[in-house]
Amino acid sequence: MMPILSMIVLIPLIFAALTLFTKTKEQARVIALTGTVIVLLLTVYMYFNFDSTIADNQFEELIPWVPSLGITYHLGVDGIAMPLILLNAIVLPLLVLFTWNDERKSPNKFYAFILATEGAVIGVFTALDFFLFYVFWELTLIPLFFMVSIWGGPNKHNAAIKFFIYTHVASLVMLLGIFGLYFEAWKLTGTPSLDIPTLIAQFQFIESGIAKDMIFLALLFGFIVKIPSFPFHSWLPDAYTEAPTAGSVLFVMLKIGGYGLFKVMLPMLPFTASPNLMITIMAALGSVSVLYGAFLALSQKDLKRMVAYSSVSHMGYVTLGAAGMVSLSVSGAMFQQFSHGLIMSIMFMSCGIINNATGTRIINDLGGLAQKMPKLAVIMVMTFMASLGLPGLSGFIAEVSVLAGSFVNLPSYVMIALLAIVITAAYHLWALQRAMFGVYNKKLGTVADINTFQTFSMGVIAILILYFGLNPSPVLEMMLTNSDQIVSLMAVMGV
Amino acid sequence: MDVMLFAPEITLVLTGLAVLLIGLFIPTDSKKILGYLASIGVLIALLLTVSSLGTEATAFNDTVSIDALSQYFKIVFLVVALLFTIAGIKYTEGNSHTEEFFALGIFGTIGMMFVASANDLMVLFVAFELASLATYALAGFEKQNAKSLEAAMKYFIIGSLSAALMLLGISYVYGATGTTSIPAIAASAGVLASSPMGIVAVVLLVAGFGFKIALVPFHMWAPDTYQGSPSVVSALLAAGSKKMGIVAALKVFVVALIALQAEWQTVFAILAVVTMTYGNVVALKQTSVKRMLAYSSLAQAGYITMAFVVLTPLALGGGIFYALSHGFMKAGAFIATAAVTYMVLSENKDSPDPDHIDNFRGLGKRMPITAVCLTLFVFALAGIPLTAGYMSKFVLFSSTIQSGFVWLAVIAILNSAISLGYYAKIVKYMYFLPTDQEKVSEPFPYTVALIIAAIGVLVIGFWSEPFVYWAMEAAKVLIPGGM
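The listed protein sequences derive, respectively, from chains A and B. Each residue of the first sequence is one higher than the last, beginning at 1 in our numbering. Each residue of the second sequence is one higher than the last, beginning at 1 in our numbering.
Read the hints as simulated data drawn from the structure, not as lab findings. There may be inaccurate statements among the hints.
Below, simulated DSS-like cross-link-like pairs (lysine-lysine); rule was C-alpha separation at most 27 Å, straight line [to be verified]:
id, chain 1, residue 1, chain 2, residue 2
1, A, Lys301, A, Lys442
2, A, Lys25, B, Lys143
3, B, Lys365, A, Lys23
4, B, Lys147, A, Lys23
5, A, Lys162, B, Lys428
Far from chain B, some chain A residues (derived; all Cβ distances over 10 Å) [claimed, not checked]:
id, residue
6, Lys25
7, Pro67
8, Ile161
9, Val169
10, Gly180
11, Ile200
12, Gly368
13, Pro474
C-beta: ideal position from N, C-alpha, C; glycine also.
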């Protein structure tokens with residue numbers, strides 16, 4: 001059998017290295033497009049050979065690596081990982097197209113970092129060994145760090161360092177959790193292993209309740225910061241805002257925090273010493289993020305910063321849905337990750353385009369852009385509607401599943417999150433109205449609409465948002481099998 | 001006794017003598033050949049050591065032993081010596097004292113190797129002093145440079161003091177047990193534990209080794225010495241002679257004085273925490289890259305000291321493994337600094353601080369290979385995955401958690417995060433701060449040394465199994481029985 005998972009991880013990394021050696025922008029973008037398209041084709045092939053009816057890992061590859069420490073090269077995908085790989089595989093070639101005509105210094109490095117991020121992120125989604133998982137996890141930091149600090153906005157150095165140190169500390173805490181799990185399982189079985197399924201299975205046999213809770217919280221912290229959830233979100237607005245447009249989109253693709261929540265935390269949750277406390281922590285963080293992020297977004301003057309804070313708000317649904325612990329809420333939260341990736345890509349692309357065309361992102365300085373940029377206006381309006389949760393678009397499916405699903409177990413937390421819906425609608429519509437509609441602000445001079453490449457890439461994503469809003473089942477089915485399994489585990493444990 | 005057991009040492013002695021002798025008869029401008037000769041000699045010694053892996057023997061009335069531990073550390077020292085001699089080819093260009101430079105480096109390495117083999121405290125002490133004397137002289141190699149002289153003086157005075165403390169400690173151990181043989185001391189555990197002399201010995205030896213390994217508060221000499229010495233020599237000091245202190249401390253504390261474990265374990269725990277924290281925090285503020293690396297070296301020694309606290313076979317193996325990785329990373333980082341210093345000085349002979357971080361501005365453009373290698377070394381030192389530094393931290397920190405010292409591991413991990421602050425600063429200067437200066441040609445020997453070190457860092461990080469295995473085998477010598 002073809003080692004397809006190794007291929008979708010390694011091809012972007014190899015193409016990243018190739019891109020570094022190119023001399024011109026033309027060569028760099030062609031190689032980047034080739035690499036991302038190959039990954040897309042392989043992923044589509046995988047998708048059609050993926051069995052949505054089982055919750056097990058598929059396409060597995062297993063090679064011993066450092067046997068004396070129990071480290072293996074173990075890859076596999078399940079219904080949690082597959083949609084996220086699909087998301088990355090779809091958006092990345094479109095992102096390359098989106099930047100096709102951009103002028104910037106060192107395009108070879110720029111495209112190399114895009115490819116490297118893709119390889120690292122897909123690596124996290126496919127790794128079934130904690131060592132490998134952590135390697136890819138940390139690897140995502142490096143290209144993004146450079147992305148922000150080379151091509152970022154005026155405050156790029158601080159934003160890059162803040163992002164790097166903040167999330168690196170979180171990763172280290174997560175590593176502590178991994179170590180704890182590793183040694184507790186080693187004590188139980190007598191053989192070292194860093195295999196994720198093995199360690200998760202061993203977790204329930206750990207005797208000490210305190211050890212279990214500490215391990216769980218350490219891992220949770222690592223994932224929560226990456227999501228990011230209130231109160232650990234402060235790196236996000238800076239990093240998202242200062243990053244170049246492509247960098248912001250890459251940040252959005254970085255769904256590894258939420259992935260860890262579903263893949264690692266939820267299967268362990270029923271076996272912690274105090275599962276109800278853990279659920280409360282997650283639910284509280286999630287619902288507060290939804291509301292707090294929405295309030296902060298409302299008060300932003302900068303369009304991109306508003307979008308960044310709306311991301312904090314939207315990702316709160318992921319944590320809340322995970323804590324909801326019914327199949328609908330968990331799969332809804334997984335779907336939110338997928339949908340949010342699509343929606344935010346366009347939101348950040350729009351911010352980038354507006355900034356380039358007008359030289360400002362301050363909402364009040366814009367006005368009437370729809371008259372000059374009709375194509376952008378159509379796509380933006382649709383995406384903003386999806387983002388605020390209009391039925392028929394993908395955001396609605398995710399949010400309604402999370403809210404309706406979680407209401408069963410967590411009514412009070414859902415009430416908090418519900419308050420945010422009004423605010424979310426308010427800031428989206430208000431921003432749209434002031435920036436795009438009304439009288440054209442003549443101070444902006446002449447602005448041109450989006451070019452063909454941009455129309456194509458944003459258009460495809462917009463169509464997908466509509467498509468999955470009307471027919472979510474192609475991705476939702478994969479998620480449902482896994483969320484059913486997680487939830488049934490809870491039921492067995494009586495949580 | 002099989003003379004072949006000491007083939008690597010004999011090769012080095014012959015090389016050192018040949019370098020000295022030939023150097024007397026050739027003019028300065030052809031002395032470049034001495035560097036090549038020295039490198040070849042060290043390389044042969046390295047190959048001989050590697051080929052004799054797995055040998056176990058004792059010699060000279062059991063005062064010297066060859067086992068997995070000594071072989072392992074010999075490889076560490078020879079690797080560092082090889083980087084030192086290769087980089088030295090460029091550094092000594094046009095220097096009339098070239099032969100002394102290489103001969104001292106080689107004799108120092110022989111001393112380090114005998115420390116690794118020592119099975120008797122007297123042999124250990126003599127070998128230690130052989131290595132120390134050679135490095136004192138090397139630190140002051142730039143006789144015209146006041147900083148170099150200051151470095152050598154500080155190093156010499158503090159080194160002598162620590163030697164005196166160590167010798168006094170050894171004399172107390174002898175007084176209590178009546179022997180200087182390490183296995184015999186270990187065997188008379190009862191006597192040591194019940195004698196007040198044992199405690200005095202521990203205090204003296206901790207202080208003595210504390211100076212050598214540069215643990216806070218015995219570290220005062222280290223930043224000045226590393227900064228003032230020629231960068232190539234700093235590489236030898238930080239990557240080589242500090243490891244000698246560690247292997248000697250392993251032999252003295254973990255093997256000989258294991259009966260007094262309870263006494264010294266706590267002391268090492270405190271020293272480890274203080275050293276890593278102080279080293280990292282102070283490194284954050286440095287503007288001299290060599291000084292920054294010196295403080296980072298303190299921090300790294302603090303991490304390795306954790307092995308003395310945890311004291312499980314996995315932790316000791318982790319500490320030993322760390323020593324090898326650190327040899328590549330730290331030697332590489334100092335040699336990269338040497339290359340930059342060389343570049344700065346060749347442009348402006350009177351530059352007051354050639355290793356100032358401002359001189360690293362735009363290095364990514366000016367010296368791309370050096371910059372890439374230095375980036376790799378500092379990321380490895382910070383513990384970024386798939387480098388030697390990450391694997392070492394992985395084994396060492398995780399073993400700390402395994403034995404229940406979670407607080408210690410947490411402090412170490414937080415420290416590791418702080419360290420990113422200053423390591424990233426170097427990368428930032430090299431790649432993000434603009435420079436209007438032109439690209440320069442990178443000195444060939446430095447580049448070779450850097451590439452060797454970079455390959456080492458990557459190979460150990462990526463293909464760790466054999467290295468971890470060797471380190472674990474070496475640790476079994478310290479604690480028989482294994483895991």
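Hints versus structure:
no.	hint	in the structure
1	A:Lys301 / A:Lys442	holds, 20 Å
2	A:Lys25 / B:Lys143	violated, 52 Å
3	B:Lys365 / A:Lys23	holds, 15 Å
4	B:Lys147 / A:Lys23	violated, 44 Å
5	A:Lys162 / B:Lys428	holds, 14 Å
6	Lys25	holds, 19 Å
7	Pro67	violated, 7 Å
8	Ile161	violated, 7 Å
9	Val169	violated, 5 Å
10	Gly180	violated, 6 Å
11	Ile200	holds, 18 Å
12	Gly368	holds, 38 Å
13	Pro474	holds, 34 Å
Going down the numbered hints, you'll see the structure goes against 2, 4, 7, 8, 9 and 10, while the others check out.
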